[in-house]
Amino acid sequence: MLGMFKAMRTTLRHLPMRKITVQYPEQRERLPERSRGLFRVVIDPANGEPRCRSCTLCESNCPVQVIRVNYTSKYQLPVPNAARIAEARLAAQRDVDLTPLQPVLDDYYEHGTGLIAMLQNAQEAYGYLPRLAIQEISLQTGVSLSQLYGVSSFYNQFRLSPVGKHIITVCHGTACHVAGASLITAAFSEVLEVDVGKTTKDRLFTLQAVSCVGACALAPVVRVGDDETHGRMTPDKARKLVVDLRRSEGIE
Amino acid sequence: MSTTTTDRAAAIQAALAEALHPDSVVAHEGALEIRICAGTACHASGRLGVRDAVVEELANRGLTGKVAFVETGCHGFCEKGPILVIQPKGIFYAHVRPQDVAAIIEQSIEGDGFVEKRLYRDLHTGEPVPYERDIPFYKGQQRLVLALNGKIDPYSIDDYLSHEGYAALADVLAGDDPDAVIELITESKLRGRGGAGFSTGTKWRFARQAKGETKYVICNADEGDPGAFMDRSVLEGNPHAVLEGMLIAAFAIGAHDGYVYVRAEYPFAVARLDAALVQARERGLLGLDILGTGFAFDVHISEGAGAFVCGEETALIASIEGKRGMPRTRPPFPAVSGLWGRPTNINNVETFANIPWIMTHGAEAFAAMGVGESRGTKIFSLTGKVANGGLVEVPMGATLRHIIFDIGGGMLPGRTFKAVQLGGPSGGCLPDEMLDVKVDYEELSASGAIVGSGGLVVVDDTNCMVDLARYFLQFTQDESCGKCVPCRLGTKRMLETLERITAGNGREGDIELLEELAGYIIEGSLCALGGTAPNPVLTTLRYFRDELDAHISERRCPAGQCKALITYYIDAEACTGCMLCAKKCPTSCISGEKKQPHVIDVSDCIKCDTCRQVCKFDAVKVWSGIEQAAAATGQEA
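Protein chains in written order, with our numbering: chain A, 1 to 252; chain B, 1 to 637.
Wrong hints could be hidden among the right ones.
[To be verified] Listed below are the simulated DSS-like cross-link pairs for lysine-lysine, each with C-alpha atoms no more than 25 Å apart in a straight line:
#, chain 1, residue 1, chain 2, residue 2
1, A, Lys198, B, Lys492
2, B, Lys117, B, Lys89
3, B, Lys584, B, Lys607
4, A, Lys237, B, Lys563
5, B, Lys189, A, Lys237
6, B, Lys584, B, Lys595
7, A, Lys165, A, Lys240
8, A, Lys240, A, Lys201
9, A, Lys240, B, Lys117
10, B, Lys492, A, Lys237
11, B, Lys594, B, Lys607
12, A, Lys237, B, Lys584
13, A, Lys240, B, Lys583
14, A, Lys240, B, Lys189
15, B, Lys594, B, Lys584
16, B, Lys438, B, Lys189
17, B, Lys607, B, Lys621
18, A, Lys6, A, Lys19
19, A, Lys240, A, Lys198
20, A, Lys198, B, Lys563
21, B, Lys563, B, Lys492
22, A, Lys165, A, Lys198
23, A, Lys240, B, Lys607
24, B, Lys607, A, Lys198
25, B, Lys89, B, Lys66
26, B, Lys616, B, Lys583
27, A, Lys237, B, Lys323
28, B, Lys621, A, Lys237
29, B, Lys563, B, Lys594
30, B, Lys438, A, Lys240
31, B, Lys89, A, Lys240
32, B, Lys616, B, Lys584
33, B, Lys563, B, Lys621
34, B, Lys563, B, Lys595
35, B, Lys595, B, Lys616
[Unchecked claim] Some chain B residues close to chain A (C-beta under 8 Å, calculated; not the full set):
#, residue
36, Glu265
37, Gly325
38, Asn463
In short, the hints are calculated from the structure, not lab data. Quick reminder that beta carbons are idealized off the backbone N, C-alpha and C, glycines included.
Whole structure, please, built from the sequences with the hints as guidance.
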């Protein structure tokens, strides 16, 4: 008896309300003409994380500007273990010392160095941009994490993972290319057993290719670190260079 | 009225004279001095050791202070570094090593002789050429922008001031008529040297007419074209000329703030520019009251972070603002809405460096050089397989043949000319029948190439044109910011097609596919990066179609460069059995007895080219095409 009344009350209460269901297919929801549905963030089944990296590309490219990337975490993403994964990632990086970051941030405030210059200084301090450092920058400057990530992943100069002790840079400018830069890279890649852009397991070498170091008269050019430049390289010299560098580290 | 104008001019001249501290001038015109090139290339060739040796040797001989020692900017003849020049005699030493310094000072400073083994040698006769003015590389040039490069110390503002530096600025400030300045620049027909070749005077006028209190001047030193380094050299060798150009531009358009956007890959340029800014502020040439006139202007350095697309002006502005460097649609042009939404004038380094010369010598003198709509001079960086590479400044309208063969000395011995690549990834390759084309914005565009920023890469018969086209496309594909579809996906598809062709898997119809894609990319791209990206492929199709055909239909690389299509073998007749290649081979796939012809085991060969490079007798050769390889090696293909 009581149950019946309760059901009646619910029915009566909903009677004057606006109907939210549509009699499909007689009636259809009116979507914009070319709409193919609504967006949602795709969750990667492999690790349960959202595939979206908040790079803001879609936001800046959308011709009708209907996408907004929320920099504030107003909406919780429907990922139950996202927080746990983030926590685990941070735990793996706990040893990042944030003291070298402070002068960089001070410089930003005092001299108004731009965002890119600040990231460059931070990279100089660490050799790469550790996640914790980016988070700290975001926290202190109020620049959103997604914007910082967007900028640091756009420019070739920024590295988001640690590098080896010796960074071997092979110039791939036009002059170096016609002089055989790809053979040099192949030789390094073979003897170091890493691909371009990667670091050896012993954290001694990072092999990278750049577009031009501007020393075209000495092509092909290889740089070790920031200061040492080797001109007129050959695959043979490249192998020898690695042997020499390994020897200087006490490895035969 | 006229007296006040004269008073003002006199006051400015007095202020300029005060800015110069004559005691700290390092490079005096006409005095006995040693000049060493401190450019990047000479640095890489070991100039630091030579510098220390010179300082020590001068001290040992008690010449310190008597003979001036100037560390100058780039001399341009980068092939020959480290370079040492004795002035005022004009003796030019190339490839100097520290142990040569003592002899050079003894012979050429204390005595009147030369150290013959370090002199430049004529390419054909082998005769030593002691004097800089006689060397064909310098003789064929007309140096306007590079005039002071290699003469003055870039770290010394006094050197620049003592060479009539900032005189053009003083004149402009004394004249106090921005419109007249713009008029003069327009009359000189100066066009942007960064690549597009837009009239500088018109650009300034737009920026001047744009409404707004705050305006900006930006110097684009994001020289990303692989193979071009003239902007770096100008900034390294004569940063004050660029600053003076920026000051004049700022005065003309009414700006009070400027930025130099420079590549972070150029540490010397950044350091020297930074020093120049500090000195200019100290001497009252930058700041709130320039030369006592009340005109205010200051310059900030903004370092790039390695993105080629940031050479595009709207992307550059986004980058200075601290965003991802992605171009946007124009209009509105930066002259109306640029940096932080304010009217902004962007010019290239070389354009700014031209300004002081034009202001001092007049528009007619500038317009007298060059042809048609292209006036003045242009710096080219001549690199690749050319005998004498380096920076070459010639009047507009010079032929490519003049630049490559008269100034550059032609090809390396034993090689034949195949093509010259102009304008980097936006340009194209021209074959030898096009060598008489004049370097002129319109004429080069008609040929399919562009003047661009001025990179000239010479290619010889050992280079594969298809591979070169693939290389440029890979570059633009890497550097595409990803904003618009034609550039992001179109270049990717073109690259995949070319990679397939160079890997020996070309198909019928690939050429048509490339042409079709190129058309869409050119039409649909947002900025110049995408709009010019297919150019290298299109010129290859136009001038080197037979090479492409050979790759596709015969599976053959005529130049013997595409790894997948070649086989190494040793010519039994030429091989002397010296065993050098066998020793150097990383996979030990070369076998043979001493003094007996060697054989390469093709199955183990990784085609690293080491054997070919180490062989002194040219016995290691390459066959391309399946049948020829089988015939040559006597093995089953």
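Results for each hint:
A threshold of 25 Å between alpha carbons decides the hint, and for A:Lys198 with B:Lys492 the separation of about 23 Å falls inside it, so the pair holds. For the hint linking B:Lys117 to B:Lys89, the alpha-carbon distance of about 18 Å falls within 25 Å, and the restraint holds. Taking the CA atoms of B:Lys584 and B:Lys607, the gap is about 13 Å. The hint holds against a cut of 25 Å. Simply put, A:Lys237 and B:Lys563 have alpha-carbon atoms about 20 Å apart, close enough for the 25 Å limit, and the pair holds.
At most 25 Å may separate the alpha-carbon atoms for a hinted pair to count; B:Lys189 and A:Lys237 exceed this at roughly 49 Å. Restraint check for B:Lys584 and B:Lys595: the C-alpha separation of about 17 Å stays at or below 25 Å, so the hint holds. Between A:Lys165 and A:Lys240 the CA atoms are separated by roughly 18 Å; this keeps the pair inside 25 Å, and the hint holds. Simply put, A:Lys240 and A:Lys201 have alpha-carbon atoms about 20 Å apart, close enough for the 25 Å limit, and the pair holds.
Our distance criterion of 25 Å between C-alpha atoms is broken by A:Lys240 and B:Lys117, whose separation comes to about 29 Å. A threshold of 25 Å between alpha carbons decides the hint, and for B:Lys492 with A:Lys237 the separation of about 33 Å lies outside it, so the pair is violated. Proposed proximity of B:Lys594 and B:Lys607 is supported: the alpha carbons are some 23 Å apart, at most 25 Å. In summary, the hint linking A:Lys237 to B:Lys584 is supported, as the alpha carbons are separated by about 10 Å, within the 25 Å threshold.
The hinted pair formed by A:Lys240 and B:Lys583 meets the criterion: a straight-line CA distance of about 13 Å does not exceed 25 Å. Distance check on the hinted pair: A:Lys240 and B:Lys189 sit about 53 Å apart at the alpha-carbon level, beyond 25 Å; violated. The hinted pair formed by B:Lys594 and B:Lys584 meets the criterion: a straight-line CA distance of about 15 Å does not exceed 25 Å. In summary, the hint linking B:Lys438 to B:Lys189 is supported, as the alpha carbons are separated by about 18 Å, within the 25 Å threshold.
A C-alpha spacing of about 11 Å is found between B:Lys607 and B:Lys621, which places the hinted pair at or below 25 Å, so the restraint holds. Restraint check: the Cα-Cα separation between A:Lys6 and A:Lys19 comes to about 21 Å, which is no more than 25 Å; the hinted pair holds. The hinted pair formed by A:Lys240 and A:Lys198 meets the criterion: a straight-line CA distance of about 20 Å does not exceed 25 Å. A distance of roughly 23 Å separates the Cα atoms of A:Lys198 and B:Lys563; the hinted pair therefore holds under the 25 Å criterion.
For the proposed pair B:Lys563 and B:Lys492, the alpha carbon gap of about 21 Å is at most 25 Å, so the pair holds. Restraint check: the Cα-Cα separation between A:Lys165 and A:Lys198 comes to about 12 Å, which is no more than 25 Å; the hinted pair holds. The hinted pair formed by A:Lys240 and B:Lys607 meets the criterion: a straight-line CA distance of about 18 Å does not exceed 25 Å. For the proposed pair B:Lys607 and A:Lys198, the alpha carbon gap of about 23 Å is at most 25 Å, so the pair holds.
With a C-alpha separation of about 16 Å, the suggested pair B:Lys89 and B:Lys66 falls inside the 25 Å cut-off, and the hint holds. For a cut-off of 25 Å, the pair hint linking B:Lys616 to B:Lys583 stands: about 14 Å separates their Cα positions. Between A:Lys237 and B:Lys323, the direct Cα distance comes to roughly 41 Å. Violation of the 25 Å bound is thereby established for this hinted pair. Of the supplied pair hints, the one linking B:Lys621 and A:Lys237 holds, its CA atoms being roughly 21 Å apart against a limit of 25 Å.
At most 25 Å may separate the alpha-carbon atoms for a hinted pair to count; B:Lys563 and B:Lys594 exceed this at roughly 29 Å. Among the hinted pairs, B:Lys438 with A:Lys240 is inconsistent with the structure: their alpha-carbon atoms are about 45 Å apart, more than 25 Å. Between B:Lys89 and A:Lys240 the CA atoms are separated by roughly 42 Å; this puts the pair beyond 25 Å, and the hint is violated. The straight-line distance between the Cα atoms of B:Lys616 and B:Lys584 is roughly 13 Å, inside the 25 Å bound, and the hint therefore holds.
Simply put, B:Lys563 and B:Lys621 have alpha-carbon atoms about 13 Å apart, close enough for the 25 Å limit, and the pair holds. Straight-line distance between C-alpha atoms of B:Lys563 and B:Lys595 comes to about 29 Å, which puts the hinted pair past the 25 Å bound. Among the hinted pairs, B:Lys595 with B:Lys616 is consistent with the structure: their alpha-carbon atoms are about 14 Å apart, no more than 25 Å. Below 8 Å, beta-carbon pairs count as interface contacts, and B:Glu265 has one with chain A at about 6 Å; its hint therefore holds.
Hint on B:Gly325 holds. Least Cβ distance to chain A is approximately 7 Å, under the 8 Å limit. Interface restraint check: B:Asn463 against chain A, minimum CB-CB distance 5 Å, threshold 8 Å, status holds.
The structure fails to meet hints 5, 9, 10, 14, 27, 29, 30, 31 and 34 from the earlier list, while all remaining hints are met.
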